[in-house]
Structures are given as C-alpha cells and as structure tokens.
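Two chains, two separate frames, one set of hints: put the complex together.
Chains as they are written, first to last, in the numbering used here: chain A, 1 to 459; chain B, 460 to 556.
I should point out that these hints are in silico values taken from the structure, not numbers from a laboratory. Just so you know, these numbers come straight off a predicted model, no measurement behind them. Quick reminder that beta carbons are idealized off the backbone N, C-alpha and C, glycines included. Treat the hints with care, as some may be off.
[To be verified] Calculated lysine-lysine pairs in the DSSO-like style (CA-CA distance at most 30 Å, straight line):
id	chain 1	residue 1	chain 2	residue 2
1	A	Lys16	B	Lys525
2	B	Lys525	A	Lys79
3	A	Lys253	B	Lys501
4	A	Lys456	A	Lys416
5	B	Lys525	A	Lys204
6	B	Lys501	A	Lys79
7	A	Lys178	B	Lys525
8	B	Lys501	A	Lys178
[Said to hold, decoys possible] Facing chain B, from chain A, some residues (calculated, C-beta under 7 Å):
id	residue
9	Thr17
10	Asn52
11	Ala53
12	Pro84
13	Gly130
14	Pro269
15	Asn430
16	Phe431
17	Gln435
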Amino acid sequence: MEYEAVIGLEVHVQLKTHSKMFCGCATAFGAEPNTLVCPVCLGYPGVLPVMNAEAVRKTILSGLMLGCEIARFSKWDRKNYFYPDMPKNYQISQYDLPLCKGGRVGKFGITRIHLEEDVAKSFHFAETSGVDFNRAGTPLMEIVSEPDMRSPEDAFAYLTALKEVLIGGGVSDCDMEKGQLRCDANVSVRPVGEKKFGEKVEIKNMNSISGVRRALAYEIQRQIAAVKRGETIVQETRRWDDDTSVTSVMRTKEHAHDYRYFPEPDLMPVEVSAAWLAEIRRAVPELPEAKRRRFVAHYGLPEYDAEVLVADASVAAYYEQAAAGSKNPKAISNWVMTELLAKFAENTIAPAQLAELVAAIDAGQISGKQGKEVFAEMFATGKNAAVIIQEKGLAQLSDAGALEGLVDQALAANPKSVADFKAGNAAAINFLKGQVIKLSKGKANPQLAGEILARKLQG
Amino acid sequence: MPEDKGQFDVAYVAHLARLQLTDAEMTQFSAQLQNILAYVTKLNELDVSNVEPTAHAVPLTNVLRKDEARPSIERERVLANAPESARELFIMPKIVE
Numbered sequence: 001m002e003y004e005a006v007i008g009l010e011v012h013v014q015l016k017t018h019s020k021m022f023c024g025c026a027t028a029f030g031a032e033p034n035t036l037v038c039p040v041c042l043g044y045p046g047v048l049p050v051m052n053a054e055a056v057r058k059t060i061l062s063g064l065m066l067g068c069e070i071a072r073f074s075k076w077d078r079k080n081y082f083y084p085d086m087p088k089n090y091q092i093s094q095y096d097l098p099l100c101k102g103g104r105v106g107k108f109g110i111t112r113i114h115l116e117e118d119v120a121k122s123f124h125f126a127e128t129s130g131v132d133f134n135r136a137g138t139p140l141m142e143i144v145s146e147p148d149m150r151s152p153e154d155a156f157a158y159l160t161a162l163k164e165v166l167i168g169g170g171v172s173d174c175d176m177e178k179g180q181l182r183c184d185a186n187v188s189v190r191p192v193g194e195k196k197f198g199e200k201v202e203i204k205n206m207n208s209i210s211g212v213r214r215a216l217a218y219e220i221q222r223q224i225a226a227v228k229r230g231e232t233i234v235q236e237t238r239r240w241d242d243d244t245s246v247t248s249v250m251r252t253k254e255h256a257h258d259y260r261y262f263p264e265p266d267l268m269p270v271e272v273s274a275a276w277l278a279e280i281r282r283a284v285p286e287l288p289e290a291k292r293r294r295f296v297a298h299y300g301l302p303e304y305d306a307e308v309l310v311a312d313a314s315v316a317a318y319y320e321q322a323a324a325g326s327k328n329p330k331a332i333s334n335w336v337m338t339e340l341l342a343k344f345a346e347n348t349i350a351p352a353q354l355a356e357l358v359a360a361i362d363a364g365q366i367s368g369k370q371g372k373e374v375f376a377e378m379f380a381t382g383k384n385a386a387v388i389i390q391e392k393g394l395a396q397l398s399d400a401g402a403l404e405g406l407v408d409q410a411l412a413a414n415p416k417s418v419a420d421f422k423a424g425n426a427a428a429i430n431f432l433k434g435q436v437i438k439l440s441k442g443k444a445n446p447q448l449a450g451e452i453l454a455r456k457l458q459g
Numbered sequence: 460m461p462e463d464k465g466q467f468d469v470a471y472v473a474h475l476a477r478l479q480l481t482d483a484e485m486t487q488f489s490a491q492l493q494n495i496l497a498y499v500t501k502l503n504e505l506d507v508s509n510v511e512p513t514a515h516a517v518p519l520t521n522v523l524r525k526d527e528a529r530p531s532i533e534r535e536r537v538l539a540n541a542p543e544s545a546r547e548l549f550i551m552p553k554i555v556e
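Bound conformation, chain B alone (with noise of 0.2 Å):
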C-alpha cells in the first residue's frame, strides 16, 4: 500500500521501481530515507498559501517544432544495441498482463 505522511514504506516503492533489495538494504534505506524525509519537511514550515504553483523551474513556454518528417536511423543500427532481436523486433522474455 502507498505510504502514509511521514511514514516511507521502502518494500513498496522498492517495487514501484523494481528493484530488489535484501533486508539489510531495506532497514538501512528505511532510516535513510526516513532522515531525508524528515530534513525535506523542513519546507511545510514555509507559508506558500499565495504562491502560485511552479510548473517549471525556468521561465520559459511554448517551445514548439514544426510538424516535419525526418529520416529516421537505419534499421541496423537500431537493432544493434537490442540485447536480442528476430523479425526485425526487439525481443526479450515473454510478458504477460
């Protein structure tokens, strides 16, 4: 389940990001990220009640391109770095959902 205020539940977001991690891992990352949660919370202290929320850091809107076509790589090279391909896919274990 998703983690309350405060509280960082490691397993779970450790599954989010699919990583694995061995208990040891998991107590010491716990108090680790239990620590850099308690210093970010800092920032509740802050009154930001007329502040309008930041969508970006930098000033900055509407970076657009047009809509042009542009050649694409060779198929070859693309496929080169697949860790294995057939029929012109890149292929990797079965996934199912």
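Next comes chain A alone, as it looks inside the complex (with noise of 0.2 Å):
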C-alpha cells in the first residue's frame, strides 16, 4: 500500500521591534544575560503589561501581505503552564479571537496569525539548570498553517516562501541562527487517497529550514514503517536531533500540556478601525512575486535573473537604483550577480557608480576586460569608474582622429600585408590591426580602429 503524509507548520516569529511586547526593556539577542529585564517581563505580580503598539502593527502587516483576513475585534488570553522560563505560570497569548485569521503561503493555507510574548531562555548543567530572561516578553507572532503539505519539499518551499516575504516586509530578520524564526511541525501518515487523517506527531527542536526538511523526512519514513509493521501511530511530541539525525520521544499523549485559556483580565481588547487597517495597508510592499514578474518585464531580464535579484530585498533595491540610471539593465544585472553578489554586505560601490562603470565600458572607453579591473578597484577604494580610468591610463583609444595617424603609420610601415589585402587576402587586415594597438600601446578601441583600416584600404 502506498502511504502519503499530511503535515503543519506552526512558525515563531520574533518581531523587529525596539522594546518588548508588554515593558519598555530593549530587545536585543546576545546581550548579557539578565541585563534587559524589568518587573514586567521577569513575571513580578502586580505588575501591569501594557502592548506595543508596533508589535500589533506588524503582526497586522504580516497578515495583509499573507492575505489573511484582519479580525475588526481581538483579544488576549493567558496560556497556563509551569515552567521557569515564564514564571508568572502563563504566558499572554491569543486563544479564541486572534489578529489575523486565513491566509496563503504560496499554494500552502494558513489558519491562523496571533501575538504573544516570548519565554526566557534556559541552560541545562549538570545538577542544575539557569535562566535568562533577556528574551523574555519579546513580541512573538506565531503562524499556523493549514495541514497542506504533504512532503518534506512542501514545507521547504512554504518556510522559504514564508520567510521571503517577512524580511521583505521588514516584520523580522528571520534568522533562525539567533532564533528570531522557530519552527514546529505536525506530521501525519495515512494510505493514499484515504480522507481521514492519520494519528499526529509533533516534532521540535528543529533549527535550520534544511533540519525542518530532514527532520520531516526522517519522521515520515518512520511512520510508514511502523504503520506497515502493524504498529499504531500514538499523539505525542518527539525531539529532533540534527546530530544523529532521528526523532525521540519527548511527551506523550498523557503527559500533553491541558492550559486552560482564559481572558487576560490586564489588558484591553484591540480593535482595528478601518483607517487603521487603510494606514496599515499603505506599508504592504511590493511581494517577492510581483517583484520578479516586474523585474522580467520592466528590465527584459531572464526569469533566472530576477529570481536571484529578488532573493534579497536589500540586493533588489540596489539593482533597481543602477539599472534606473543605466542603457543596459541586463549587464547591471550581470555584474550584480556575478561580482557584487559574494561579497554584498562590504559593497562600498554606490549604485550609480555602478551604472557608470556599466556605461563605460558600453562607449567603448574600456573593454570589458579591463571593466573587471576598474570594479576590484571601485570596491577596493570607492572611486568613480572615470577616476580610476584615467589614474590607470586605461581609457581605449576611441578618438577617430588620433587613431588615423596610427592606421597610416601601420599602413606605412607593412606594405607587404596592405598588397595582400589588396590581393584578396581578407585575413591580412587582423594583423594590421594588431600593429595598429601595439602602436597604441594597447589602447587603441579594436572596433573603431578596425573600421579606420578597412575604409582606407578599401578607398
């Protein structure tokens, strides 16, 4: 029997805000432990939490461009649970009525987009365990998509996709490394065109988007096994381990958490007016999507092209700003990907210095040789294209008029080669022209020196 899987993704965002979501403490990663905390974050009773507007803001943002629908209405709720990284025993989250519901990842569904605040951090040692709440009370959006996936690949492309339109959105750096994007994942197996889904295990502790992929891979092949030994999939959480590369038991279905939500009697409800949402909207940039369908179409670049450009927002907005002050966006583009790309976060080259290193070579002024020479230079010490032409005496010899006085001296000094030609040697031409800019000393523009030849000897 043929077995397909049936996965969900519930992705952590942490939110690019200056402070936290209920206390003005900074929110920074790596700062020293226990240095950005207050007695609102650090759990103290009788305190007061009050929302960071920002946060609401982007959790908003990042529902529009997901085309979610905005709740007019929502509101908080506090997650009951025991756990030192939270130790007022609950976190503020939203249960029934969160800011955004539905939505689309690509092909993907999205159920659900709410705000909470994230826990501390916990170390493990020996014979004890240590907490630092710097991260704690960080505004966290969490993303639960429908169960549309049904391969590893799918819930790659969803959390690439995903993450895309975030940073893009500039909602959050996503970078998994500092934890700013967390991801859960809820896999199923069950045989090939049945409806029912299949008994569902939650894997944790996955740290990359490749690991979610493994992890996934690894967790599917185990099910179907076990399901074709005759074994019953049970409802628990199991632990990834890049390492070894497998799955663990974590909790099972007895030991599964019961919170008991109920209304966060601390803070007010929100409520998106219809001028708010229209502000709002106003930030919704241009999506990764549209931006490669402009790219192709506005620039005549090949899709290939405006895939890698669009990767990155900040590369995005720098190609735009050469190719608008340039003849010939396709070569913008080129030395974009091919020179700049590698090495982008210590580009010193502005985009319009780029543009004139571009046209340069276009005239004629340089080659595309040397092109590649004048770029190290621009990037090794921020000087124009022109200054550093002129510096390095590079500039080809395109003046019409210079040029015929070396042609006739060519023409003067290889009589033998010009009688050739003349019998009908056509190849005798390249080696004239060839004395033509070693008389040069190499500068002369091969093209314009070419055509000077060919109508004198043909006069």
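Spelled out as structure tokens, the structure:
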C-alpha cells in the first residue's frame, strides 16, 4: 500500500521592534544575561503589561502580506503552564480571537496568526538549570498553517517563501540561528486516497529550514515503516536531533499540556479601525512574486536573473537604483550577480557608480576585461570608474583623428600586408589591426581601429 | 483526565496548579468546590443566546504604548531576588523536559 504524509507547520517569528511586547525593555540578541529585564518581563506579581503598538502593527502587516482576514476585534488570553521560562506561570497569548485568520503562503493555506510574548531562555548544567530573561517578553508572532503540505519539500518551500515575505516587509529578520524564526511540525501518514487524517506527531527542536526538511523526511519514513509493521502511531511530541538525524519521544499524550486558557484581565482588547487598517495597508511592500514579474517585464531580464536579484530585498533595491540610471539593465544584472552578490555586505560601490562603469564599457571607453580591473579597484577604494580609468591610463583610444594617424603609420610600415589584402587575402587586415593596437600601446579601441583600416584599405 | 460537567476532579486540578493536597484536604475541597460549582451553575438559567460574549468588563480598547526602549534595571538588583544565581543566571534545580 502507498502512504502519503500530511504536514502542518507552526512558525514562531520574533518581531523586529525596539522594545518588548508589554514593557519598555530593549529587545536584543546576544546581550549580557539578565540585563534587559524589569518586573514586567520577569513576571512579578502586581505589574501591569502595556501593549507595544508596533508589534500589533507588524502582526497586522504580516497578515495583510499573507492575504489574511484581519480581525476587527481581537483579545488577549492567559495560557497557563508551569515552567521556569515564564515565572508568572502563564504566557500572554491569543486564543479564540487572534489578530489574523486565513491567508496563504503560495499554494498552502494559513489557519491563523496570533501575537504573544516570547519566553526566557534556559541553560542546563550537570545539577542545575539557569535562566536568562532577556528574551522573555519579546514580541512573538505565531503563524499556524493548514495541514496542506504533503512532503518535506513542500514544508521547505513554505518556510522559504514565508521567510522571504516577512523579511521583505521588514517584520522580522527571521534568522533561525538567532532564534528569530522557529518551527514546529505536525506530521501524520495515511494510505493514499484516505480522507481521514492519521494520528499526528509533533516534532520540535529544528534549527534550520533544511533541518525541518531532514526531520520530516526521517519522521515520515519512521511512521510509514511502523504502520507497515502493523503498529499504531500514537499522538506524541518528538524531539529532532540534528547530529544523529533521528527523532525521539519527548512527551506522550498522557502528559500533554492542559493550558486552561482564560481572558487576560490586565489587557484591553484590540480594535482595528478601517482607518488604521488602511494606514497599515499602505505599508505593504511589493511581494517577491510580483517583483520578479516586474523585473522581467520592466528591465527585460531573464527569469533566472529576476529570481536571484529578488531573493534579497536589499540586493533588489540596489539593482533597481543602478538600473534606473543605465541603458543596459541586463549588464547591470550581470555585474551584480557575478561580481557583487557574494560580497554584497561589504560593498562600497554606489548604484550610480556601477551604472557609470557599465556605461564606460558600453561606450567602448574600456574593454569588458578592463572593466573587471576597474571594478576591483572601485570595490577596494570606493572611487568612481572615470577616476580609476584616468589614473591607470586605461581609457581606450576612441578618438578617430588620433587613430587615423596610427593607422597611417601601420599601413606605411607594412606594405606587404597591404598588398596581400589588395590581392584578396582578407585576413591580412587582422595583422594590420594588431599593429595599430601595438602602436597605441594596447589602448586603441579595436572596433574603431578596424573600421578606419577597412575604410582606408578599400578606399 | 479533565473533569466532566458538574463533576470536579480535585486531584487533576491540584496537579495543574502544582498543589500537593492530603487526602483529607482532597475530600474537604472536593465538597467545597462542588458547592461553588453548583452555585455558579445558577447562571445557566439565564438565556444569553442574544448576548455578545464580553472580552473585558471595562469598555476600553487599544491601550497601546509607542515602541520605545527604556532602561532596564541593574542586574545586581535583578539577581538579588533570585533564590540562587550563578553565571549571571537565575539558578534552579535541574529542569528536564
């Protein structure tokens, strides 16, 4: 019998804000432990949480970018559990009235997006555990997908596209190594053709998008093999270990949490007025898919170029600025993709400077090969192409008058070649062109030199 | 297991609240909570089918603050209240999940 997998993903995204969700402590990764804390995010009794407007705005912006329905009315709830990463013994979250519902990432559906507070980070030692509360209270957005994915590749595509949209909207940096994007997966298997879902297993502890793909590939095989042996899959939570590439049981259904959600009395509900929504809607950036189509249509780029350039919003913005001032957008794309992309972070070349370099090559002022030399110098010094061409004496000789003199010299010095050409040996012109370039010390514009030679020989 | 309607599983709820109760307390609280539940059940007599659920008792929404970071408190003061601290962390008996 053939089996198929059914996958749903829960993605947690730390929002890019200056301060925490319910207090004014700064949000920063890698600060000294327990330096970005106050009574609110330490969970002291008697404190009053106050909502960060920007976190609410960025969640609504995410919802708009992902085609969600934005709730007109949304509220907060307490999710109760005991764990030292949240000493007030509940996490402020949203239960039945999340900020966003529905939506899509490519062909995969989104169930909901809600906002909550991140928890503290724990460290485990031999006899004890230690807690750093810097992360506690960071605005955290949870995006729950529909069980629409059928393979690890689907999950990979979903996460890649989701990340692209969120980074493009400036909502989060989505750096998984810094925990800014974290993903749990729900996966079950069922015979192909079966409508009912199998018993689902939740996988945690995946630290990269490719880790999610590997964990799912392993878990799907494990479940199918178990079912084929006649075993029953039980609902449980499993932990992925990237080093050994296996999942192992973390928590069974009997130990599942019972969160006893109830409305958070300390926070007032959120009402999203039509005016506020319209204001946020104006901030929705062009989405990657639309941008790719525009790059192809507007700049005449191949789809491949559009794909590469749009993958990073800052690269795409750089390209657009450079291409705006250029007659040769494809050449700009080539330079960005082959020379600039790998070291884009250290780039010192302004978009207009790159456009100027491309123009110098297109005008025949320097050759393409010399262009690479100039580019390297521009990258190292930040100087303009014109200055470098001048300093290095690279400019090709494209002055027709000066070239004519050199052509005359070459013709006078090589009467045999001239005779050969006149006798019908067309290739003799190449030798003569070589002589002109030699006389110019390599600076003659070869094309122009060839044209003048041909005119004089045939005249 | 979660309690059924009207029945209150004191042992289960005590576990959720991480409370350790003696058998005597269990019996005592069970009876008390049963009474409280019976009393609250009176509310079911009201017909609320046309009433919007209330999210909050106070008719106020959008109490928001600007996204501005303010200084936190010094770590010395933060950790002064920790039962135990080391490596600038709150230290506790080992937690495993």
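Verification of the supplied hints:
This hinted pair checks out: A:Lys16 and B:Lys525 have alpha carbons roughly 14 Å apart, not beyond 30 Å. Taking the CA atoms of B:Lys525 and A:Lys79, the gap is near 25 Å; set against the 30 Å cutoff, the hint holds. Among the hinted pairs, A:Lys253 with B:Lys501 is inconsistent with the structure: their alpha-carbon atoms are about 34 Å apart, more than 30 Å. Restraint check: the Cα-Cα separation between A:Lys456 and A:Lys416 comes to about 15 Å, which is no more than 30 Å; the hinted pair holds.
A distance of roughly 34 Å separates the Cα atoms of B:Lys525 and A:Lys204; the hinted pair therefore is violated under the 30 Å criterion. The suggested pairing of B:Lys501 with A:Lys79 holds, with an alpha-carbon distance near 27 Å, which does not exceed 30 Å. For a cut-off of 30 Å, the pair hint linking A:Lys178 to B:Lys525 stands: about 25 Å separates their Cα positions. The suggested pairing of B:Lys501 with A:Lys178 is violated, with an alpha-carbon distance near 52 Å, which exceeds 30 Å.
Here the hint on A:Thr17 is kept, as its CB sits about 5 Å from the closest CB of chain B, short of 7 Å. Among the interface hints, the one on A:Asn52 holds; its C-beta lies about 5 Å from the nearest C-beta in chain B, closer than the 7 Å criterion. The closest approach between the C-beta of A:Ala53 and any C-beta of chain B is roughly 4 Å, which is under the 7 Å cut-off, so the hint is satisfied. Interface hint status for A:Pro84: upheld, as the beta-carbon distance to the closest one in chain B is roughly 6 Å, under 7 Å.
Because the smallest distance between the Cβ of A:Gly130 and any Cβ of chain B comes to about 3 Å, under 7 Å, the interface hint for this residue holds. Restraint check, A:Pro269 versus chain B: the minimum CB separation of about 5 Å is within 7 Å; hint holds. A cut of 7 Å between beta carbons decides the hint on A:Asn430: the least distance to chain B is about 69 Å, and the hint is violated. Annotation: interface hint on A:Phe431 violated; nearest CB of chain B at approximately 72 Å, more than 7 Å.
The closest approach between the C-beta of A:Gln435 and any C-beta of chain B is roughly 71 Å, which is over the 7 Å cut-off, so the hint fails.
Going down the numbered hints, you'll see the structure goes against 3, 5, 8, 15, 16, 17, while the others check out.
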